[in-house]
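Student: Construct the entire structure; sequences and hints are all you get.
Chains A and B supply the protein sequences, listed in that same order. Everything in the first sequence is counted per the working numbering, starting at 1 for the first residue and increasing by one. Everything in the second sequence is counted per the working numbering, starting at 1 for the first residue and increasing by one.
Hints are computed from structural coordinates only; laboratory data are not their basis. Each residue gets a CB set at the ideal place from its N, CA and C atoms; glycine is no exception. A few of these clues could be false.
What the hints assert, rightly or not - Examples of chain A residues lying across from chain B (beta carbon under 8 Å, computed):
1. Leu25
2. Ala27
3. Asn36
4. Lys66
Unchecked claim - So the derived list for chain B, only partly shown, Cβ under 8 Å to chain A, looks like this:
5. Gln31
6. Glu33
7. Val36
8. Ala37
9. Asn40
10. His135
11. Gln138
12. Arg142
As the list claims (entries may be wrong) - Per label pair, the in silico range of CB-to-CB distance:
13. A:Gly16 with B:Arg74: 52 to 60 Å
14. A:Asp29 with B:Ile26: 17 to 25 Å
15. A:Thr59 with B:Ala130: 36 to 44 Å
16. A:Arg14 with B:Ala236: 37 to 45 Å
17. B:Gly241 with A:Trp51: 44 to 52 Å
18. A:Arg14 with B:Ser238: 24 to 32 Å
19. A:Pro54 with B:Asp173: 21 to 29 Å
20. A:Trp51 with B:Glu201: 22 to 30 Å
21. B:Ala130 with A:Val86: 38 to 46 Å
22. A:Gly16 with B:Gly241: 21 to 29 Å
23. A:Gly16 with B:Arg152: 44 to 52 Å
24. B:Thr63 with A:Asp29: 27 to 35 Å
25. A:Pro54 with B:Asp134: 19 to 27 Å
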Amino acid sequence: MTVEPLWEVFVRSRRGLSHTHVGSLHAPDATMALRNARDVYTRRQEGVSIWVVPATDITASSPDEKDEFFDPAADKVYRHPTFYDVPEGVDHL
Amino acid sequence: MSDLFTYALRLGDDALIAAQRMAEWIAAAPQLEEDVALGNIGLDQLGQARSLLQYAGSMDGRTEDDLAYFREEREFLNVQLCELPNGDFAHAMARLLYFASYQHLLYDELRASADETLSGVAGKAVKEVAYHVDHATQWVLRLGDGTSESHRRMQAALDELWPYTAELFESDDLVRRLPVAVDPAGLRDEWERRVLAVIDESTCSRPEASYQHRGGRSGQHTEHMGFLLAELQHVARSHPGATW
Numbered sequence: 001m002t003v004e005p006l007w008e009v010f011v012r013s014r015r016g017l018s019h020t021h022v023g024s025l026h027a028p029d030a031t032m033a034l035r036n037a038r039d040v041y042t043r044r045q046e047g048v049s050i051w052v053v054p055a056t057d058i059t060a061s062s063p064d065e066k067d068e069f070f071d072p073a074a075d076k077v078y079r080h081p082t083f084y085d086v087p088e089g090v091d092h093l
Numbered sequence: 001m002s003d004l005f006t007y008a009l010r011l012g013d014d015a016l017i018a019a020q021r022m023a024e025w026i027a028a029a030p031q032l033e034e035d036v037a038l039g040n041i042g043l044d045q046l047g048q049a050r051s052l053l054q055y056a057g058s059m060d061g062r063t064e065d066d067l068a069y070f071r072e073e074r075e076f077l078n079v080q081l082c083e084l085p086n087g088d089f090a091h092a093m094a095r096l097l098y099f100a101s102y103q104h105l106l107y108d109e110l111r112a113s114a115d116e117t118l119s120g121v122a123g124k125a126v127k128e129v130a131y132h133v134d135h136a137t138q139w140v141l142r143l144g145d146g147t148s149e150s151h152r153r154m155q156a157a158l159d160e161l162w163p164y165t166a167e168l169f170e171s172d173d174l175v176r177r178l179p180v181a182v183d184p185a186g187l188r189d190e191w192e193r194r195v196l197a198v199i200d201e202s203t204c205s206r207p208e209a210s211y212q213h214r215g216g217r218s219g220q221h222t223e224h225m226g227f228l229l230a231e232l233q234h235v236a237r238s239h240p241g242a243t244w
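Tutor: Structure follows, in structure tokens:
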């Protein structure tokens, strides 16, 4: 049997939140990928909206580039928004 | 037996036996995603069966388990379409297309029933079966309009099951005199319109049948029903009253 294309699944758990990557699955096309995602990833009320993206369309950073990509941020404490107070009532920041 | 009891049993048995066949697909579907999808669909059907059998049982002092596990073959009132053994995946999708399309029209109308339990069950179930119809439709289109092999199998499944569809719409004195019931004869035209539209789009040809099987509603079943019930009932009958 031919292996069907791989899709990455993103689910918005409720209004106001972003879609979050929850996993991947196989499906022959986008329509079926959306339905499979509904069955596999939202059967316990995990979401109100689903995105599916062909895994081949995702460009990923390489583990080999980890040093130059990510390590330089380690000592830049001034980039963190920790020097002012978050106003009351602002959620999900 | 009251008419209402018998009517609830008919609908409940359809759902119960369909669920049993659907459950057989778990871990046997073409892909893991389909295992989960068919499992979900089977559990939807089982949920409908439980509500309807509980309701029937409440009328004569039996539980849903009494009705599911301790009735004999001739006491089951499901249509024969639901009990036929599973074939290939195309067979499963053809059966789901035929059955869920019928259930969708039935539940949609039953929502307006004056019987609060029936209308409540229908209101919840109509959304579930709308998805079952969609799932079956997607696959019938893809298999019918797929490779020459998938087309051949889809056509064979549609043809094989067509002679079991007339029974879904069989009218009788009971549904005509029970005011809270839906007479399924009135659903036939719209069912055909919808199902044939899917079949046309799938590039399969419309099935024809010179003979239509009947008898399920009066307890006459195919030779496969006994084996299905043996598997469904044997644990409960080997250990009556057991709990876990």
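Student: Hint compliance check: list the failing hint numbers for this structure, sorted ascending.
Tutor: Hint check: 4, 18, 19, 22 and 24 fail, others pass.
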